[in-house]
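Input sequences plus hints: build the corresponding full structure.
Those protein sequence lines, which keep their order, are chains Y and P. Just so you know, the first sequence maps onto residues 1 to 317 in my numbering. Just so you know, the second sequence maps onto residues 1 to 441 in my numbering.
Careful, some of the hints might be misleading.
Calculated pairs, DSBU-like style, for lysine-lysine (alpha carbon to alpha carbon, straight line, at most 35 Å) [unchecked claim]: (1) P/LYS23 with P/LYS4; (2) P/LYS432 with Y/LYS2; (3) Y/LYS211 with Y/LYS2; (4) P/LYS17 with P/LYS328; (5) P/LYS85 with Y/LYS307; (6) P/LYS2 with P/LYS32; (7) P/LYS4 with P/LYS325; (8) Y/LYS15 with P/LYS394; (9) P/LYS218 with P/LYS17; (10) P/LYS436 with P/LYS85; (11) P/LYS236 with Y/LYS307; (12) Y/LYS307 with P/LYS2; (13) Y/LYS306 with P/LYS393; (14) Y/LYS15 with Y/LYS2; (15) Y/LYS68 with P/LYS328; (16) P/LYS432 with Y/LYS208; (17) Y/LYS307 with P/LYS436; (18) Y/LYS208 with P/LYS32; (19) P/LYS32 with P/LYS4; (20) P/LYS259 with P/LYS432; (21) Y/LYS208 with P/LYS328; (22) P/LYS113 with P/LYS32; (23) Y/LYS65 with P/LYS393; (24) P/LYS17 with P/LYS4; (25) P/LYS32 with Y/LYS211.
Everything labelled a hint here was simulated from the structure, so no lab data went into it.
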Amino acid sequence: MKHYVITASPHIRSKINTAFLMNMVSISLLPATLGGIVIFGWSNTIPLILLSIVSAVLSEALFQKMLKLPMTYLDGSAVVTGFLLALCCPPSIPLWLPVLGSFFAIFSKQVFGGLGHNPFNPALIGRAFLVLSFPAHMTSWMKPFDVVTTSTPLAIYAGKGMEGVLNAFQGSSSVMYNNMFLGLRGGCIGEVFIPGILVGLAILLVTKTIKWYIPLTYIATVFFFSWMLGMDPIFSILSGGVLFGAFFMATDYVTSPMLPQSKIIYGFGCGFLNVMIRFFANMPEGTTFAILLMNVITPLLDNRIKKPVGFIKEKVS
Amino acid sequence: MKSKTFQPGGMHIPDLKDQTKHKNIENMPSGKNLLYPLSQHVGIPAEPIVEPGQEVSIGQLIAKAQGDFSSNIHASVSGIVKDIKEYPHPIAGLGTAIHVENNFQDTYHPSLKAPQFETKMDLASFVSHIQASGIVGMGGATFPTHLKLNPPPDVTVDTYIVNGAECEPYLTCDHRLMLEKTRELFDGIQIVQSFLHFENIIIGIECNKVDAIEHLKKYMQDNPMEMPIQIIPLAKKYPQGAEKSLIKATTNRVVPIGKLPFAVGCIVQNVGTLIALSESIREGTPMIHRVLTASGDCLQEPKNIRVPIGTLLSDIVTFCGGFSKEPKELVFGGPMMGINQRSQDVPVLKGTSGIIFLSTLEPLQEGSCIRCGRCITNCPAGLMPYRFVEVAKKNSFDESNRYFVNSCIECGLCTYNCPARIPILNYIRVSKQEIKRKRSR
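Here is the structure:
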């Protein structure tokens, strides 16, 4: 007698799985990466990116083996971590830095139980670790299409104000907007080429990988508070890693809230902290620490009970 | 086409209906052995009124309803009652059933005759005729129709919604019924309207059945009716055919948790039920046939078929030309909410809208939740399904109650979408059972 398999409904599944989503994030990073490679030269970027990814995947495999966890190191999440970390490093840093950073990033995830359990965005932890441990390396920036070092527009702004920034761009604000939009400035590999970042966002939104809540509120908040504090708001969102962070880092599933209202609060918090760090803390850029700080309160933001459809408040008699 | 839909939640899933949506309904001849489980409806099982060895004929009452919240069961073939004992039941697993061996004489029971509907029928005798005919909802929930059409005196019902959404993948039986049994469908609506006098009658059809929408509209133009009927095209979105979703989509009313559609002045009925109702009033035929879709990726010839209730699955497989691929799963109903069967030895029930054979198993390896939020976005009940997994793993079912686990309609979208392949709905079912068990203690 032939017997069939018994399982509970539903009996069909969506084709979208974790690996698909992770790969979608990696694909959305490609346009910005391409921009960075062209601007800073392939030899200063490609080895760094590849080594970072390989290090992340191998570290993931190592930890999963050691902790006797399911071997899911090829599900794309480690690739995303390594990729993101490389993209928020300055070009042409010594290659052992991204290797070490990726290892630490994966460590920070596995130590809490692996994918889905990490309170902090692993790539940002990796970056924070590198920035705090090797500040000299992590703040030596390359001039586009050149080998001399330069400063980021934000660092110039912190030192010399808006006038200094304009001087760096031939004294013309239209050249400044233009160059900053196209990525002709000092900065991290992935953060400079704004058109590529926007294409990446479009990919994520169109494929419904992420929703608009966090990126939009993040950018709007940065725009508003920069303007309130007297900084050119367009300069503010084009500089540093704000767009990159808002689109690819703050939207990380695991470390951001799930409910729409919570996402809006989270996006606001990231943007607000980002501006506050830029203006009042001892560093020109603030995206990394703004998002890491908001990661901390993500569980709090999600700790709500959603009222179901058809809910009626019971009358207390 | 401009269409309406419900909010929040729901999503379009691939409908997989192409195999059968253009195929006419075929009449399947009755098989040698038929089984009539006593429980084919929501409510109390019927009691058999025949003895083993007794001869029965088509349309004969063989099991009698027990009280109001129950339903009659009639023989769909003529033959001899072999025995009455426990048999595999497609939903309950095991249940008492009447086994009838077909004598292929096709003799009809003499008691079958149409009631004198036109001249002397009031609501009470109409409802009791429906009850006697054993009509239950054919969409799958099998709620006794006589209860639905007899609202309690303290509620006013102004809207009648005919459910032609058919949002489950693979299923096309309601689609074909709307195209091929149009006259009976409108006749059924007319009969109901003549007793209940609704202010609005709505036929809700999803936009993947444009031909049905146009066909019904044309029929209404050709046969003007004095009824406030409107056909509402609905967006392709699962679970639009679920009662509460359909009410929201067509009337924008929200049924409160734990209440029937009566609470918002609505009655929802499946197209198949209305056609059965028309046949019962015009010809006196009780509910002994139904149309279902036999499909999936394994059958040689997927079909829409009209079968006698009680037909064994194995006979349907033979009628559809056997398998082209070895099936691993056999689903009763649609693939989203249907119930798996262990073998082909189970009968078609009144609520069986489809039989789906699938060659691939769903993945069983469960990953970690990556908190993508898809389960929340798509939940038509507005719940936070991932929470139920978290709390079920901690055994704190009281907490899942706080997150309104009992509002879950078990549509399966959370599990369908979960990228980590967590069977969220299974955790929800366990939570519901645990809460129930605790309450009953």
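Tell me the hint numbers this structure goes against, listed in increasing order. 3, 5, 6, 7, 18, 19, 25
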